[in-house]
Amino acid sequence: MRRPVQIDAPIPTVHQVARMMGVSPKRVKELAKLLENLKNRKPARRHDATRVRTSAARNRTRGR
Amino acid sequence: MTPPELEPPLRETAPGDADSPGVFLNLPYDDAFQDLYLAYIAGVCAFGLIPKATLGIPGSERRLERILSLMQSCRYSFHDLSRVQLADNPPLTPRFNMPFELGMAVGWARWGTAPHTWFVFESQKWRTLKSLSDLGGTDVYIHDGTPRGLFRELSNALVRTGRQITVQKMETIYMVLQQALPAILHRAGAPSPFAARVFADLVVLARLVSDDLL
Chain A
0 MRRPVQIDAP IPTVHQVARM MGVSPKRVKE LAKLLENLKN RKPARRHDAT RVRTSAARNR
60 TRGR
Chain B
0 MTPPELEPPL RETAPGDADS PGVFLNLPYD DAFQDLYLAY IAGVCAFGLI PKATLGIPGS
60 ERRLERILSL MQSCRYSFHD LSRVQLADNP PLTPRFNMPF ELGMAVGWAR WGTAPHTWFV
120 FESQKWRTLK SLSDLGGTDV YIHDGTPRGL FRELSNALVR TGRQITVQKM ETIYMVLQQA
180 LPAILHRAGA PSPFAARVFA DLVVLARLVS DDLL
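Sequences listed follow chains A and B, in order.
Numbering-wise (numbering that gives the first Met the number 0), the first sequence opens with residue 0 and increments by one.
Numbering-wise (numbering that gives the first Met the number 0), the second sequence opens with residue 0 and increments by one.
Quick caveat, the hints were computed from the structure, so don't treat them as lab data.
Each hint should be verified, as a subset may be incorrect.
Which residues of chain A face chain B? A partial, calculated answer using Cβ under 8 Å [to be verified]:
1. P3
2. V4
3. I10
4. A17
Just so we're clear, the structure is a prediction, and the values are computed from it rather than from any experiment.
Even for Gly, the Cβ is constructed at its ideal location relative to N, Cα and C.
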C-alpha cells in the first residue's frame, strides 16, 4: 500500500467554500442555524419495542 | 468573522495549481449509493478539501467538455468503482461512466499540464482485477460498501498537515449530514440528494460542521 498523500493546501473558509459552490451568504446563515438546531435537538425517545423490560414487568408475566 | 471580501482568493479554478483544494468525485448517482455519497462529502470536507461533482453541469454545455474542465480544476480525483454491475432497468447495460472518467483522470495525470492525483475506491477486494485489469499494480482502496470503511480508507489515502483527521470526526460530520438531509431536500424541493443545489448545501454544511469540531 502506498504512503498517504500529504495535503498541504490551505483549508478554505466557509465563505470561500460557499462562494465556490454558488451558495449565498443568506443560505450559509440558514445552514448554520440548521446545524445549531440539530445540536440542540433532544435525542429521540427510544421506541417501545426496544424498551428494556423492567423486573416488575418480568414478574407480571412470570408463572402465566 | 472575517468579511468574505477580505479573504485571500482561492486559486482553485486554475488548472496547474498544486494548492488547489478541489476533489473531483466520480460516483454513481443512485439511491443505493446515498449513504456513501454523503460519506464522501463528509470525508472530503473533513480533510479541508472541496468536493466537486458533475451534478452541477448545466445542460447547455457539452457534458464531456464540462467534465474535463471540472476535473482539470481539481488537484485530486476519487473514483468509486463499487457499482459496476448491470443496471436493474432494461436494457441491461454496464455502467461505463465511472471507468471512463477514471480513464480521463489517468490521462490528465499523465499528460496534463497540472499535477493531478487520482484514487480508486471499491467495495470488494480483487474485483477490479476482473472488471478493470489494467489497474493491476494500482492501490485500490476497499471500503466494504460502508461509510465507516470509506473513512478508514480515506485515512489510508490522505494525511492533512497540521490537523489530525480521525474516523470519528468524519463520522460526526456524516451523521449531521444524514440528520439535515430531509430539511435540505424539502427546501430544494428535490426528491433525492443527487441534485446540484442539494450537493452545494451539503458541502457547505459539512464545512460548517468541520469548523465546529475544531
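Do the hints match the structure? See the list:
no., hint, result
1, P3, "holds, 4 Å"
2, V4, "holds, 6 Å"
3, I10, "holds, 3 Å"
4, A17, "holds, 5 Å"
In the structure shown, no violation is registered for any of the earlier numbered hints.
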